[in-house]
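4 protein chains.
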Amino acid sequence: MIRAGIIGATGYAGNELVRLIMGHPETELAFLASKTYEGEHYASIYRNFTEIVELDCVYGELPELVKKADVIFTATPQGFLAGCLNAGLLKECIFIDLSADYRLKDPAVYEKWYGISHKSPELLPEAVYGLTEINRDKIKKTRLVANPGCYTTCSILTAYPLVKDKLIDPSTLIINAMSGVSGAGRGAKTANLFCEVNENAKAYGVTTHRHTPEIEEQLGIAFGGEVRVNFTPHLIPINRGILVTATADLTEGAGEKEIREAYEKYYGEEFFIRLPEPGTCPESRYVEGSNFTDISFKTDERTNRVVLMGTLDNLVKGAAGQAVQNMNLVFGLDERTGLTGLPMVP
Amino acid sequence: MIRAGIIGATGYAGNELVRLIMGHPETELAFLASKTYEGEHYASIYRNFTEIVELDCVYGELPELVKKADVIFTATPQGFLAGCLNAGLLKECIFIDLSADYRLKDPAVYEKWYGISHKSPELLPEAVYGLTEINRDKIKKTRLVANPGCYTTCSILTAYPLVKDKLIDPSTLIINAMSGVSGAGRGAKTANLFCEVNENAKAYGVTTHRHTPEIEEQLGIAFGGEVRVNFTPHLIPINRGILVTATADLTEGAGEKEIREAYEKYYGEEFFIRLPEPGTCPESRYVEGSNFTDISFKTDERTNRVVLMGTLDNLVKGAAGQAVQNMNLVFGLDERTGLTGLPMVP
Amino acid sequence: MIRAGIIGATGYAGNELVRLIMGHPETELAFLASKTYEGEHYASIYRNFTEIVELDCVYGELPELVKKADVIFTATPQGFLAGCLNAGLLKECIFIDLSADYRLKDPAVYEKWYGISHKSPELLPEAVYGLTEINRDKIKKTRLVANPGCYTTCSILTAYPLVKDKLIDPSTLIINAMSGVSGAGRGAKTANLFCEVNENAKAYGVTTHRHTPEIEEQLGIAFGGEVRVNFTPHLIPINRGILVTATADLTEGAGEKEIREAYEKYYGEEFFIRLPEPGTCPESRYVEGSNFTDISFKTDERTNRVVLMGTLDNLVKGAAGQAVQNMNLVFGLDERTGLTGLPMVP
Amino acid sequence: MIRAGIIGATGYAGNELVRLIMGHPETELAFLASKTYEGEHYASIYRNFTEIVELDCVYGELPELVKKADVIFTATPQGFLAGCLNAGLLKECIFIDLSADYRLKDPAVYEKWYGISHKSPELLPEAVYGLTEINRDKIKKTRLVANPGCYTTCSILTAYPLVKDKLIDPSTLIINAMSGVSGAGRGAKTANLFCEVNENAKAYGVTTHRHTPEIEEQLGIAFGGEVRVNFTPHLIPINRGILVTATADLTEGAGEKEIREAYEKYYGEEFFIRLPEPGTCPESRYVEGSNFTDISFKTDERTNRVVLMGTLDNLVKGAAGQAVQNMNLVFGLDERTGLTGLPMVP
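Protein chains in written order, with the working numbering: chain A, 1 to 346; chain B, 1 to 346; chain C, 1 to 346; chain D, 1 to 346.
Honestly, I wouldn't trust all of these hints.
Only part of the chain A face toward chain B is listed, based on derived beta-carbon distances under 7 Å [claimed, not checked]:
| hint | residue |
| --- | --- |
| 1 | 47 |
| 2 | 117 |
| 3 | 265 |
| 4 | 276 |
| 5 | 286 |
| 6 | 289 |
| 7 | 342 |
| 8 | 345 |
| 9 | 346 |
Partial list, derived from the structure: chain B residues whose beta carbon lies under 8 Å from chain D [claimed, not checked]:
| hint | residue |
| --- | --- |
| 10 | 12 |
| 11 | 189 |
| 12 | 190 |
| 13 | 192 |
Here are the computed distance ranges between Cβ atoms for each label pair [claimed, not checked]:
| hint | chain 1 | residue 1 | chain 2 | residue 2 | range |
| --- | --- | --- | --- | --- | --- |
| 14 | A | 112 | B | 270 | 32 to 42 Å |
| 15 | A | 204 | C | 56 | 19 to 29 Å |
| 16 | D | 269 | C | 35 | 33 to 43 Å |
| 17 | D | 251 | C | 51 | 23 to 33 Å |
| 18 | D | 68 | A | 301 | 44 to 54 Å |
The hints are simulated quantities; they were obtained by calculation from the structure and are not laboratory data. Ideal placement from N, C-alpha and C gives every residue a C-beta, glycine not left out.
Could you put together the complete structure from these sequences and hints?
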């Protein structure tokens, strides 16, 4: 059995990791680390695990924790892992980081968008960006996975084949997205109170959201050149779910047939990416609780544009699920192991 | 592999049966029957099953359908199964009926509360009321399971130990319950539109709800005498979940200790019934998506009463989950098979 | 114009007071006091008032504030007003207190349920319990209104005529209630985050909720003897609304006709209490945003009980609306002034 | 008093018209027409009006109805009014049509997008597009107001000053919008059931939504040339509210200062258009229940684009409120009459 430890276990992504690991046939929980809840029974915080999870929350330094686990998931604030990880610790344990610390290759970009200096830039070359369907081979060989953000996973997967095959002009790519509230975390903030979010819709982080450079970097790699996008996230009153709607100009010769073929080419064999029937719009509820991403599109002859639509569960494919998918790869398992739970409707 | 057919597959309980059976290691889908959607691809109706479920909806007569399956689940309107089932068909196939047709032993009571005459009362003696934790041994031997209602399962399980051991006076039992909207089905009714339900709370079926006689019959058996209750259901804006709050006078000598012991005695070993820590109130979200029922209580010395609280997911333990739990028993499997998915929070 | 000051203006009840006072033809805002937000533009906190409310939040001591207003509404934590009000200040200004400080006549009961000692018990005789429809004449003459709680207003109004006229046995009265989340305030607590409340139902404060003694005291006055009830509140995912469902044994000779007559007798002429058609169940959405309370009932011959149902908007009739209704009375205005906004559906 | 009749009174827009007219000091309800609910008490359908609205639903032909009212609001399916209105009837009564029948000047465009032929194209020249802030003077003089759609009002108001003053290139304008479910009407459709909408987000009508030509026509007039946009609407689980997020390339010389000045120039004096502080994102809850539209923006130097954001209540400014605003103009009243109800939060 793989011993899996979680640091930051009491956030929503941490809780989702616990759910997935408890249902994973080859993995067992090694420890649940939480500074805030040290000493408390985990199942007293997340009572969904009553009589299921027996562990108490612990707190410990990384050098001590690496001895107890084969893999450590960090669902921690930006800067935490970069501040305590080093090459020596990385030899003792696999790390799958759900924060942004190792996602951007250039520490200057990290510092610009996150406002903190990177404490272990020497590890960046070793880190692999954990967008499984795109970086699968590299992930298999790494010890440090930079697990992508939720908006990012959805945005990149939705646009990737068209950018890669130059069916759209990436300089015209406009990405709008909406997210469920669990993406904002479990911190006690007024802005995330039920009465502040329910019966409301708003954009936020307009022109400044931190997932922007991550999208740009990865799509830039796919395109083979710089990509700049407008990414506008919105908060809507649902617990889980990301829905991305992206619009871009079609390049010469690109049409419905070519786009369909591109999606088939890149995703036709992917278990966790589904391509619903032409003409259907993905709905976040149809992936809720699962590791699936559903992607569809509609071309518009009137404007010579295409509208791309993608959806995933921000806590699964957008966080814990993709983290487990990556863990499976690193440990040589079938990447679907422990991730075959189907979406729950309604 | 057990071949499982579902009649009424396109309702919410039917959809949940599909989800559970797709995740069940010993069962496969035999057919998905639906009159309304005959010929349509099931996954085009429930797009959570895109690329997962390949079957189309069929329509057929029972004598034809029994040949294709080892077990048939009927998630159908009241009166349907009673109108077409007979002893001969019952020899060919196991039936697990999610409707009310075989729940009440007295056809006159059925006719009074449901307003339809019972078409196959001769099968009633054979039917076993499928409240697994209470009727486990009988269920193992039957070919016709009358799967309980959602409110009923929650109400009975919550009150059963105290009624059985006479710790409360059942003539004082007041049961209030609230339900998610999926309990009202997928029919296109104005009253169940989003805008009619969202931001609203209401009681309904006051003094006349059809789950009342079911509760009374089963608690009466436990008590060893007639039981009459006031059962008041409410509709609240959540997709899934039943929460029962029941109040009753304590009998002489009954207190917190005795009640705790009674719950331990009957449920201490039950996997699907959880008894959260003293002082905690069950919350519907902590069982959502799972087959668990969480039960707790609080005694009140000021009034010499006890307040009982129970919660379950109406589509799982309140319908499809308990149906699969019963199927497992009938086919000699561990009753937890295919039902170990954990609750999903948030 | 009546100059109205609000202390605790940035809570949800405070915000609702601002909305109502801005629409009140005889009143103007004198000041908006808030310790936390001192110096901030009120409309930057509650952006519903963009370009409407020009005031900034202030902070000041009571002796200073009384000079600026004819009436002060205190939507403050328990203990605040009792800790700073005195007979001298009460001569300078009318006080309408939305906290519990002056609701209970016996300071010992206050201390037992609220866990704090009462700092100005000498003012209790002067305070009038502001349940307008029941204490109208006393309210007109007081300078200190103890505005009732939201659960309390709904529970008492629903049961009052039957308790008063002895149509039910108050020793059998079981009150269940559910509330929207705004009743829990705007404090940044994890338990009130969207993801903790949405898709959830739970009871809380079982046997210990602080509105219990308030209900008991007022129904006891109506009954002419001690009343003890089990009051069980629940939290459901709506912004606004209280729904009360109460059950009690009918007394000899009491039936549907007598109950209907009792409601007509006490409420037939009341503008803000509506008695929907027999057989209809009140729904919280039908009073949302308004000062109405809708009350209905259903008798049950099987159990000789009656089920009572009442609903109101916790921020209007359950807080700010009733406060304005009381202010109108104190200042000799038609009590409906500024309160004729109709419920908003959906 | 102005006698106002409503045809299609039992839809959500009809209900909202009733709420506004009941609160309008110069108007009274003449009749409430509904084919489906003919003969039923209006307040039995919309129980928010219990003891408030005494009218029953009627059904009648237009020549008969015009005699009973000074103004008729039609909140009816597309094609209804165009099929029965004529010049003679228009002489007897003012018409404010909430359907799309008279919004598009070219009947061919109407037929293309709506799939029905226009039955009274001869009235199109007389119809004034009722976007009050833009067409105020024309509205004052007409007898036939084509009240704009909800998405349209929000989209046009948000983009208008920048298109008009050529601060953005309209050929790059991408409009995304999300809507509350009341915009889908009160028809009993499975797709609008609570369980189909709650906890879900989806795009719909992608590239084909009928509000597209309306947006294009009006922005084209402002621009002085053809405008083609991609308009992508989304359905989210809220009752009310439209939020528009639009992106466009800035033209040479256009920046934050110029955009701010353009908004000030066109909307600085408008009561119902609010321009929140720079840097704030409009939220739908801050206009809920009111006739306000809140508009803001953010420029992006990285991409030389601007992100525009606008929000309104689809049933008020997006339907009934703007209809009353237009009625006020036609009848020579202050356009704010009866529309000063403030947004309700939460």
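Now the hints, each set against the structure:
no.	hint	verdict
1	47	holds (5 Å)
2	117	violated (34 Å)
3	265	violated (17 Å)
4	276	holds (5 Å)
5	286	holds (5 Å)
6	289	holds (5 Å)
7	342	holds (5 Å)
8	345	holds (5 Å)
9	346	holds (4 Å)
10	12	holds (7 Å)
11	189	holds (6 Å)
12	190	holds (5 Å)
13	192	holds (5 Å)
14	A:112 to B:270: 32 to 42 Å	violated (56 Å)
15	A:204 to C:56: 19 to 29 Å	holds (25 Å)
16	D:269 to C:35: 33 to 43 Å	holds (37 Å)
17	D:251 to C:51: 23 to 33 Å	holds (29 Å)
18	D:68 to A:301: 44 to 54 Å	holds (48 Å)
Going down the numbered hints, you'll see the structure goes against 2, 3, 14, while the others check out.
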